[in-house]
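Could you put together the complete structure from these sequences and hints?
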Amino acid sequence: MIECKNINKAFNGKQILTDISATFEQGKTNLIIGASGTGKSVLLKTLVGLVKPDSGSILYDNRDFTAADKDEKQEIRREIGMLFQGGALFDSKTVAENVLFPLDMLSDMSKSEKADRVQFCLQRVGLDHAAHLMPSEISGGMAKRVGIARAIVMNSKYLFCDEPNSGLDPQTSIRIDNLIQEITHEFNITTVVVTHDMNSMLEIGENIIFMFKGQKIWEGTKEVILGTTVEELQNFIFASKLIRDMKN
Amino acid sequence: MKSFGKYIILMSTLFVRREKFSVYWKLTIDECILIGTNSIFIVAIVSSFIGAVTCIQTAANLVSPLVPIYVVASVVREMSILELAPTFTCVVLAGKVGSSIAGQLGTMRITEQIDALEVMGINSASYLILPKILASLITIPMLVTFAGLLSILGGYIAGIMGNIISTQDFIYGIQIDFNEFNVTFALIKAFVFAFLISSISAFQGYFTKGGALEVGQSSTSAVVKSCIAVLVADLALAQLLLN
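In order, the protein sequences belong to chains A and B.
1 is the number of the first residue of the first sequence in the numbering used here; add one for each residue after it.
1 is the number of the first residue of the second sequence in the numbering used here; add one for each residue after it.
Honestly, the hints are just simulated from the structure, not real lab data.
Bear in mind that the values here come from a model prediction, so they are computed numbers and not experimental data.
Note that beta-carbon positions come from the ideal geometry of N, C-alpha and C, so glycine has one too.
Hints should not be assumed to be uniformly reliable.
Calculated from the model, a selection of chain A residues having no Cβ within reach of chain B, i.e. all distances over 12 Å [claimed, not checked]:
no. : residue
1   : 10
2   : 26
3   : 49
4   : 61
5   : 74
6   : 85
7   : 91
8   : 129
9   : 139
10  : 156
11  : 168
12  : 215
13  : 234
No farther apart than 20 Å at their CA atoms in a straight line, the calculated lysine to any residue pairs in the SDA-like style are these [stated by the list, open to error]:
no. : chain 1 : residue 1 : chain 2 : residue 2
14  : B       : 20        : A       : 75
15  : A       : 70        : B       : 17
16  : A       : 70        : B       : 12
17  : B       : 20        : A       : 107
Here it is, written out as structure tokens:
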């Protein structure tokens, strides 16, 4: 479980996150939704330590990440897997080498154990046939799946996904969403997904946080979100005619 | 001043939270190939031609019958070892290697590859920059030595083919009044320039923000700043070590 308490962050005097408190539960896909520019990605980067909050605390299973020293931070970070918006695969490495990379750098496994683990993770995301390909030779959806395989290869306890569906067709998006949810349940990890995709929200939103202008203004599940009375959330969700028709 | 402070902090982070030695070994060897081996051709071309031109121009200007012809070879030797090989080669390398380092790191930054390393708990600065600096410190002095030799060889070929100087005079000229410290001085310069080129270019690339346009700007800025740093260091080292 990840908890963030009273997180504030400003860039050049402009407040980006205001007093954000939230709990991301273990074994569930926790979604952070909101329009572009509301601070979702900044919150995600703050959670993983890429951005330092001005105030507030982040707790990983009751371990204070913000107050931790370098070694403790390192330890927590090694339990984190992250899927970046563009995949963030290393261009000079093949698909298999990308997945192998965290193991090579951070684990004491033997060569054969590492190879087995890479094979398992690639199989899990359905890409064992693409192990030898370079990132430039695979599609966007495949790059996302390699990113997921790399994120879980260390048996991560926490999985963060930044806009996993961006740039993907609806069918591939749903495949990626389902994969994230399956992995979350299968390995009982705490997953946090930043998205503004309505399909994702309704498919995998087991715990949803809605952000507006840097503040968390709603929290709930996919079952209750369509019945919301919060005006900003209504404007966000029902911007699409499809969703309006669905509600009616 | 703010940038300089940031540069110093970046350099100091290269030596904290380092990874296993074997990781750096492999990366440094790879970088040696990229920085060193892949630069041999351009260094060979540039240094032989500047040696040849130095020989021809020196001969053209030493028209007095009071000046013996072997002086042309001595001038080629001194110019090559003291200035042309270390400084000229490093200015060329600032363009080739500097832009490559800045471009590579800049692209890694904007495509979130550096963020991916940080999230894994890897010191991205140390992992990405330290091998480049080590490889530069190893290969650039080698390239400078190679450039010095080829520059003198270029001068010799131009002198012989242009009927400027005989082989005997040339060999006599490059041996007479030879000061061994000049070679040491050239190597000191090569080490300093290697550090400046690799670290400044890495700094420019590592802190790239934005997109493709900014990566291009970082590469340009890396080349310009590295060249200026090389020239300033050249002056400072000459003042410090030759006076």
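Query raised in the report: Which of the stated hints cannot be reconciled with the structure, identified by number in ascending sequence?
Result: As far as the earlier hints go, 3, 5, 6, 7, 10 are violated by this structure, in ascending order.
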